[in-house]
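Residue numbers (the working numbering), protein chains in the order written: chain Y, 1 to 258; chain E, 1 to 203.
Accuracy of the hints is not assured; some may be wrong.
Footprint (simulated), chain Y over chain E, 3 or more residues, beta carbon under 8 Å [unchecked claim]: (1) 13-19; (2) 103-115; (3) 189-202.
For each label pair, taking beta carbons as the anchor points, the in silico distance ranges come out as [said to hold, decoys possible]: (4) Y/D112 <-> E/V167: 50 to 60 Å; (5) E/V24 <-> Y/T219: 50 to 60 Å; (6) Y/K247 <-> E/N8: 41 to 51 Å.
To be clear about the criterion: a stretch of chain Y counts as covered by chain E if any three or more of its residues have a C-beta under 8 Å from a C-beta of chain E, and this derived list gives those stretches [said to hold, decoys possible]: (7) 65-73; (8) 192-206.
No lab work stands behind these hints: they were computed from the structure. Glycine included, C-beta positions come from ideal geometry on N, C-alpha and C.
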Amino acid sequence: MSVKKRIIPCLDIKDGRTVKGINFVGLRDAGDPVTLARQYADQGADELCFLDITATIEKRDTLIPLVREIAAVLNIPFTVGGGINDVMLAKEIIKAGADKVAINSAAVKRPDLINELAAQLGSQCVVVAVDTKAIKLPDSDKSIDKVFVAGGRVETSLETIAWCAECEQRGAGEILLTSMDHDGTKNGFALQLTDLISRRLGIPIIASGGGGTAAHFETLFKDTHASAGLAASIFHFGELPVPELKKQLITAGVSVRR
Amino acid sequence: MIAIVKYNAGNIGSVKNALNRLGVDNQVTDDVEQLRAASKVIFPGVGEAGTAMEYLKDRGLDDVLKNLTQPFLGICLGMQLMCHHSEEGDTPCLGIFDTHVQRFPATPGMKVPHMGWNLIQSTPPTGSLQQPSALLAGLPHSSDVYYVHSYYAEVCKNTVAACEYIVPFSSMLQKDNYYATQFHPEKSAGVGEQILKNFINLP
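Next comes chain E alone, as it looks inside the complex (with noise of 0.2 Å):
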């Protein structure tokens, strides 16, 4: 069972539609034990990181979530929890990933937020990671995916693949058993199915 963390954040339905669309048992839930027994772990979430840190921590969330042994995959607000602070209200985030989220510079002639189809490319600027992310299994160097998001990760060693729009930014962050994407795998068509069928395939 793949157990989706509930908490004060939109599109965790959309998340849920995917998984079921894909054949897979899953449940929305905030249920410690439940969480700490699922055999994977998704962590949506679409809105503001100053809130959403809030309401994890009211519920001791946060230590559990950074705490787990089994895949977890954290998706757009989800992704930028998981780094180690957030620019949107100046909140200190979980930490797993070693890296910091700002907001995309203003810059005359493009648009926040950065919103569309934009590439992944799973090689990334120097100094990050050099294998391949297990997520991306199957698909070509580069693909087009859905992103949605005014606030971005800087490109870290956590970094397994990367998109440029304004600046270059983290695409996808991984690390022991923290997988993240900064776009929304449930909303980037085939492309986005594949890398949600790579995450349940994973041992």
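Chain Y with its partners taken away, still in its complex shape (with noise of 0.2 Å):
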């Protein structure tokens, strides 16, 4: 027997409503974060991920009764990320109700940060959020791929596949790879780096970017060592509804929980 591959929908939250980036710009608003969270736990996502892009200082004050409320209505486990960037914050988000955090930017900025978090609530509580772009090199066909923070704005001289790693050595429980070369594409999710990281990695990995069709899930499946693919838009706005796209990779054999 082993662990089902997961399907989870991730929510972005800003100012407490859900939005949806193509490409990381050009929002549009995709419902109240709460009514989706209760409906895809209804329809069979196995977790939730939600994205706080609130840019505010007093983010908390938003973010704590928001999690709170969805921990009230959601009874499948979810993640809560974005700006996190201290023990304290992360704290109350767990408390809220939160079953893990998940951390980008504060983690490449200080990565003593995810020992803490590891430390204090248990690794299986801290995801970290890794936000990778193929950059090419110059003179040359080959391309590089290289950690990007803030949002997808800042390259980092981070090496993905070597930050990774790091951030397993230092305690983190799952990393949340998200391609930027392939996010609000729907073409697909980045097979070749995804197979790279979950090889090479003890941890789980969910893939996300890309995931357009039932058939793009089940490639991610099939060919490489993702936990779990994570998409948003293709969920928010009925494209591919959850019982669907599960019933498809059944009958394709993967093994996804019913």
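Reconstruct the complex from the two isolated chains, following the hints.
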């Protein structure tokens, strides 16, 4: 018996509403996060991910009550991320009812944050979100995968594979790997990179960016060792309802929760 | 009123939320009289066995919990604390169930903690109780539930549902008025809700 492959709808939250960007820009409103959350749980989503992209300093004033509200209605696990940069806020989010926190830019800025969160909350509560983009090398047709931060706006000096390995070694419980090249395209996941990382690391990899059809999820689970596939707009706008996706995956022989 | 045992473990709020969703009157408490008077008691928990047992002993709750007569449900760490002994911190536990808790052996390609959706199967391996658990009423022979744990209880005569991850382990234990799940019914969607309802409806 093995653990089932997970389908994770992701809800980007801005000022308490759900939004989804196309290639990280041009946001459109997709509805009330609490209503959407309950809907996804009822449809058979295995887990949910909420990323708060509100750009205010007082974000905890809106985020914590929202987490509490979501926890009250949701009967499946959920992760909360977006701008979490200290252990205090992470603890408050877990206390409000989230099962895991996701950290991104703050981990790159101060990698010890991963160790501190793992020590205080347990690795199973700590997801490191990694935004990656292939950068073409000059005078060559080769490219290198680099980590981006600040919502994908800022390139770092970190190489994606090495950074993911470091996150694991520091105590991350999972990696949420978002390919910026694929995000919003609905042309399929970044299979090669996901496969490399999911084979190399001992912790689960959640693949994100590019999932547009059931066939894309099937390929993800058959051609890589990813533990979960995450997507947003295809679920929010009813293009690929979770029950339909799962039905097709079961037919294709992928082990998912019925 | 269902009492939820208040102690130094996480995840107590999730269980309260789940009972609220089912419309059941509940209270988080460590008051001995309230625990004794409750119609049912739930003992949840996410955390470390050693510090949790120490906390219970310091407040005399260990003796109270193992001598209750109403239906009692341990969840995750709660279930592990109901066993004889845990390898985590070499901790003597409540000894309600005749089994001990150990860490999943390190195995290449197998991730620990065992985290995610995996099976509960109501037909346990040989040597266990043979009657189906009242908590599984209305559910198919096997269902998926949500697990997060690095330690497991060995299959024993109190096992009423099992799962296998690296090794076979007890997914549900049961003895007299004591029930327990290794998985999190409060995070296991409809299947978990059915199990909680079955517990709430026990006579």
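- Okay, E/V24 versus Y/T219 on CB: inside 50 to 60 Å? At 44 Å between Cβs, range violated.
- Item | Stated coverage of the stretch 13-19 of chain E by chain Y [criterion: 3+ residues, CB within 8 Å] | holds (count 4)
- Query: Are there three or more residues in the stretch 103-115 of chain E whose C-beta lies closer than 8 Å to some C-beta of chain Y?
  - Reply: The restraint on the stretch 103-115 of chain E holds, since 4 of its residues have a Cβ under 8 Å from chain Y and three suffice.
- Counting residues of the stretch 65-73 of chain Y that have a beta-carbon nearer than 8 Å to any beta-carbon of chain E, does the count reach 3? holds (count 3)
- Message: Looking only at beta-carbon atoms, does the pair Y/D112, E/V167 fall within the given range of 50 to 60 Å?
- Response: 35 Å, violated
- Examine the stretch 189-202 of chain E for residues whose CB is less than 8 Å from any CB of chain Y, and state whether their number is three or more. holds (count 4)
- Message: Range first: 41 to 51 Å. Now tell me if the beta carbons of Y/K247 and E/N8 are that far apart.
- Response: 44 Å, holds
- Message: Can you tell me if the stretch 192-206 of chain Y counts as covered by chain E, using C-beta to C-beta distances under 8 Å and a minimum of three residues?
- Response: holds (count 3)
Going down the numbered hints, you'll see the structure goes against 4 and 5, while the others check out.
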